[in-house]
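Colleague: Protein sequence lines correspond, in order, to chains A and B.
According to my numbering, the first sequence is numbered sequentially starting from 8.
According to my numbering, the second sequence is numbered sequentially starting from 951.
Note that these hints are calculated values from the structure, not bench results.
Small disclaimer: the values here were computed from a predicted structure and weren't measured.
Partner residues aside, some chain A positions facing chain B, computed with beta carbon under 10 Å:
id	residue
1	Val-65
2	Asn-67
3	Lys-75
4	Asp-92
5	Tyr-107
6	Leu-155
7	Arg-157
8	Val-158
9	Ala-161
10	Thr-163
11	Gly-189
Over the 12 Å line for every Cβ pair with chain A, so calculated as not near, a few chain B residues:
id	residue
12	Arg-1080
13	Lys-1316
14	Ala-1395
Built from N, CA and C at the ideal position, the CB exists for glycine as well.
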Amino acid sequence: MSLGGPRFRLTIATALVVCSGCALAQNALDLDGHTVNPLATDTNKVVVLVFVRRDCPVSNRYAPVIQKISKQYEDRASFWLVFPDKSESPQDVRKYLQDYGYGLPALRDPGHVLVKQGRVQITPEVAVFDRGRHLVYDGRIDDWYVDLGRVRPAPTTDELNEAIRAALAGKAMAKSEVRGVGCYISDLE
Amino acid sequence: MLHLRPGISSWLRGAGWTLLLLAGAGAVGRLSGRSAARQSSIAVAPAVAPQITFNRDIAPIIFRSCAACHRPAEAAPFSLLDYSDVKKHARQIAEVTQSRAMPPWLPEPQKLKFADELCLADSEINLIERWVEQGAVEGNPADLPPPPKFVEGWRLGKPDLILTANTPLTLPPSGTDTYWNFIFPVPIQKTRWVKAVEIRPGDKRYVHHANILVDREGSSRKREAAPGAGFGGMEIRIESQVFDPDSHLLFWKPGTVPYVEPEGMALRLDKGTDLILNTHLQPSGKPEVIQPSIGLYFTPHAATKLPMLLQLENDVKLDIPAGQKDFLVTDDFTLPIDVELMAIYPHAHYLGKDIQALATLPDGTKQTLIHIPHWNLNWQAVYRYAEPVRLPKGTKVSLRYVYDNSEENPLNPNHPSERVVAGNRSRDEMCHLWLQMLPVNFDAAQGDPRMALQEALARHNVEKNPADFEAHYNLAAMLQAKDKLEAAIGEYQAAVRLRPEDAAANNAMGAALVAAGHPEQGVEYLQAALKARPDYFEAHYNLGFALAAQNDFESATQQFSLALQLQPQDASVEANLGVALAQVGRFPEAKSHFEHALRIDPNQRIAKESLDVLQKEMNSH
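Please build the complete structure, drawing on both the sequences and the hints.
Modeller: Structure, rendered in structure tokens:
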């Protein structure tokens, strides 16, 4: 990309897309349709955004894991489930929360504002912000899934837990980004 | 880079191209390597290749190869029935088709074709990838083929008999995979022949596979905590007293289309038969209720072609040291008769890596029967050949399974790696290959040709593993059927030595001794059989016979009576009890038993003849 031609072309392309993104940008909404910024909440707690899709079987299988970890850090971390599929209605999401026994607050992110802030690409992935709202980690919960179709008997890593502990301690993660296995959020654009 | 000029000119055409550029520039993550390599070709594409569209290029592939499962109430987690469905999973589809995780099809392409092959052509996979890279465009509505049509409900129409699991299983939201067995008693009063079976495994999204086993003797019911409750376990063994080669592979996996047996073939179901549905279930994240059902389609025609399931295995060689990456297990069996191979079903657990079966014909030609280079237990399947494969007598059938017990195998159930041996639990290993074979070119006057196969296989297994109880037992049974009683007794003896408390082996040994004219020796084994299993009908019957053969009719009446309590409607026991009673002078009782025997079976020969003799005897007094 060092030649004049492509740089010219790329610059314009990016600019165009940013513009169209601006026009579409819509903040995250709670299930009653109110704009919510989960990063502007209780600054005593770290924030964990968990990105899921109802039609993503990997997201679904992680439901008990996500709930277990969120309970573990109840008083120190605010967990939010984020649904980036704009076609999922608040009713769809409510039904889903009930089916999977979720007690976590849920947000719809039709404009992918939180997706961009959290730098996530796949469902399920998490974005962990420290108390100063710096992004400490984005990516997979653990390595349970090897790829689509192959699942370990049990995970051998524990990135989400480590990221929360790092965020609480105000430390950085050795690997601040590990991509997950699941469904592409970019397919929803 | 010299190719970029056409790219610029095409950008001038409109916004579609700018999006495409972004997809190229931002392509990170799982497709990254390939995407990066292809970026230069993307830039060329608009000038030299037409736009790939969903309607014209992709929909035919999706409709043909994906939609059967990717639709409501089927196995797949989301539908792929129109553009918006497919667009929402476009990159995921490109990724899983590239890795060949989807459609689920494990075997490598080979000369011998399978029925219902699900794999996509390389050109189709490539087309999907390029379509996604071009921005997953919908295209001209006029190009869209008609939507795929599917039969709703039972695929073959309403079954003649529908069996539903008595007790549903509630699958917990999380945890490891569950293996559960549902028992379906078949409520039929006489023998029926089944030409097709449709397995409805309950919620198809959570059942990875299901296998029907035929239990003709109710042996699985003993494993249930309460009648109808079902029982856990990955691998189950069905006991059979008689040579009854269970010859049909009744298997379901996502995407399975019910299969009608070829002309002349049918599965026999007798009164009292149970069907056992062995299921592999995967937690979904929420509790799921699983209640399978089975649809049976009968035919009035009894089977005339009788295939056999032949199992190659070498579990005794499965002793895989911790950390070992390439552990090879083989087995070679030479066919004693001509057969047609109908279907093949390889089976290993989580350490299985490269699974292969080969046939070496007598002229030295080698044929790959199946090769799965990346074994995945979760997608195990029965593979039927598109055309039966002729394997002449003298063909060597070989299995070659490679196991990976290293840390590099992500599916290794042990972390850190441990020594693994053969066993029934999912963390143990297996080395099995089932082959459905139909004997051909045989002389029916020589008896059931499958017995030659079974005998050769049992002999092979005894040589391979002298501690193989079943092999000795099966070899003995085949020898006994050929009236080679002394040889049979030798093999039963070996079986009893391996499992001194096995009821079936002791009973068979005792019966063989009685048949060979050694009732006094037989009694000891029959008593051992009854000690192991007091409600063992056959052992009471055989012991009665052995005692009668030694003129101990008093004791014989007791054994026949006990047998009769277990199976009150058995004409042959009634007749023998009558004979024993007559021998000790209890004529009126004897008469009533003969009469009862004849009410059950008017042609019961012993009862008929003995009753005549008894009448004369009683009249003369």
